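These protein sequence lines are chains X and L, in that order.
Per this note's numbering, the very first residue in the first sequence carries number 4; after that it's consecutive.
Per this note's numbering, the very first residue in the second sequence carries number 4; after that it's consecutive.
Hints may be right or wrong, so weigh each one.
Remember, identical chains collapse to one label, so a pair may be satisfied in a single copy or spanning two.
Stated by the list, open to error - Below, computed lysine to any residue pairings styled on SDA-like, alpha-carbon distance capped at 25 Å:
| id | residue 1 | residue 2 |
| --- | --- | --- |
| 1 | Lys94 | Pro83 |
| 2 | Lys94 | Glu331 |
| 3 | Lys324 | Ala11 |
| 4 | Lys349 | Leu119 |
| 5 | Lys349 | Arg221 |
| 6 | Lys158 | Pro95 |
| 7 | Lys324 | Leu162 |
| 8 | Lys324 | Gln305 |
| 9 | Lys158 | Glu175 |
| 10 | Lys324 | Asp188 |
| 11 | Lys324 | Gly300 |
| 12 | Lys349 | Ala178 |
| 13 | Lys349 | Ser52 |
| 14 | Lys70 | Ser52 |
| 15 | Lys324 | Ser165 |
| 16 | Lys349 | Ala11 |
| 17 | Lys70 | Gln136 |
Simulated from the structure, these hints should not be mistaken for lab results.
Note that the structure is a prediction, hence the values are computed from the model and not measured.
Protein chains: 2
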Amino acid sequence: MAGLTPGATIGILGGGQLGRMLAMAAARLGFATIIFDPDISAPAAQTASRHIAAPYTDLEALAQFAKACDVITYEFENIPLEAARHLSGLKPVHPPVAALESSQDRLVEKRFINSLGIATAPFFEINGAQDLQAALASAGGRGIVKTRRMGYDGKGQALVESPAAAAQAWDELGAHPLILEGFVDFALEISVIASRGADGSFRAYEPAMNRHGSGILRMSIVPAPLPGEVMADAVAMAQRIVTALGYVGVIGIEFFVTRDNALMVNEIAPRVHNSGHWTEAACAISQFEQHIRAVSGLPLGQTTRHSDCVMENLIGDDVEKVPGILLEGDAVLHLYGKAEARPGRKMGHVTRLFPRAGEVDPQ
Amino acid sequence: MAGLTPGATIGILGGGQLGRMLAMAAARLGFATIIFDPDISAPAAQTASRHIAAPYTDLEALAQFAKACDVITYEFENIPLEAARHLSGLKPVHPPVAALESSQDRLVEKRFINSLGIATAPFFEINGAQDLQAALASAGGRGIVKTRRMGYDGKGQALVESPAAAAQAWDELGAHPLILEGFVDFALEISVIASRGADGSFRAYEPAMNRHGSGILRMSIVPAPLPGEVMADAVAMAQRIVTALGYVGVIGIEFFVTRDNALMVNEIAPRVHNSGHWTEAACAISQFEQHIRAVSGLPLGQTTRHSDCVMENLIGDDVEKVPGILLEGDAVLHLYGKAEARPGRKMGHVTRLFPRAGEVDPQ
């Protein structure tokens, strides 16, 4: 495989914590990085070789960015499609713009998943207040109204369990295209962090069990308490999805697992994913390095792990736990360099390792 | 302990690969970094928040650097003492300037080590051609002439085994202050990567066995094939050394181990050390994070490891092995972002992990 050689430059659209960790992984493989993000205090700028601070709509700045890069990737899925399309005419963009397009619209995404014979929660297209009432009835009187676009971390969502609640949700969110998702009483949620190379090679990390609070990921736990066949099924579904997308890079796929161990895809993120942060501490090759390998045409790394682990997000005031975490002495801490700890803001994460044969004490 | 809080800025004198890895470790703990290095293409500049490119003798640039930093450290021991002293009057500098001073002169360093009751190779101060001939005779006709200052990676050294060779070594190196070290027929070399906090806390990683070629470290192997008592003795000596120095930070101490398992200190490096690069792959807390923790007044991390490992340096043309290493799929590769692979130049390193209970395969 003729991949990029050390010294090449990888462009990253988006300068949040995912871009920051991608930039460090790229540096470890000898690559330079350029972050494109309008925010002059983007966390990724601190660890990248260069930062272009311009709006995603600035075609001239995008062209300048493309000129300086050998390959371009992105760290979040709400990049304007026009920007991604413009860039893909100038330099290779991985993952493909088609993946971005599908993941930006919940309706398109779910139809795509179902088209592969993979289950999702039941869903209904909502184009008016009447649609919503009808859909709620079809869904058994209980469901979640979601904006089709630009939702993340539980934003743009409302649980509705009555016609009155549905009417209120319509008042609040009806200005946007919506869907109603039928409520799934799942036993647990897992995610598969998978990767596909330009040559069609495929690797997935072991699925992690995720715990959410207020719509935000709180913890990922590995191994998940599931039979091996269920985990293998989830990985096989991930492979079908990335193959159908002609995907290149790392993808995060969230699944609901029902009480009888059936799998439904909840959401796809065409990028490195919060529920894969544990790989940085428990695997030789992290999801960040894996993504850099994939988009730069290098062979994918192995996805084995040396330890069991629990990854915990540090959200908002959770940063106050940092002194205690540092005192633990063996917790793998990762902070994102964000100055202000606003409620709901992801400030960092910590992974606690449980090596399978115990650690070796040097003293 | 009242250490720095996230958002603080750590200044790093020297912008080579060690500075680069320190900058990434600092970023992971939420710190900003400023590299001070005259070389505009310093590898560390690519991963740091900022780079001041000025000579170490530029007092004004040093003052500007100090003003922007909360604490200052260094990544190589040949920083001019005047620069370190100037800075230490402006902001805290860790490790202490005294450690820098001792390590810059082989004669001073060995006398210091002996003063702690710790053995070194026999050594002789050489101030003239006659001194050298006399010392060679005292050393049994065999020894290594070394410049007292500025030697590293085998530079400024000559093995002498005859009066004629000694005369030639004098011709080549006599312009510099020299010592003669008696030749030690050691069984193996180990190094201890130790750390001391501002509060006197102490931690050391398990000693690694080192393999050199052409005077340059080639491999570090963990565990070293030595009895536990010998390793414990080496760690205890390291603790005596850092305590005597009032040291704060990570230190690398190389030991010769004789055939009857006696220990002699070969060399002290008051900084993170090449023979500790394995900790990045095999431990929860790497030597780089440990150093950042120490100099910023945070609690030291644990030094346990989850895996056995072998770290291999990639020197000069060794970078041609990179495609093969990437194909291995589970080797932890770290490249330094250096454009040109000159002979003897450290381009990167790779650590192969051997988890003690085997890895877990996700598929």
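Legend entry - Hints that the structure is at odds with (numbers, increasing): Failing hints, ascending: 2, 4, 6, 7, 10, 12, 15, 17.
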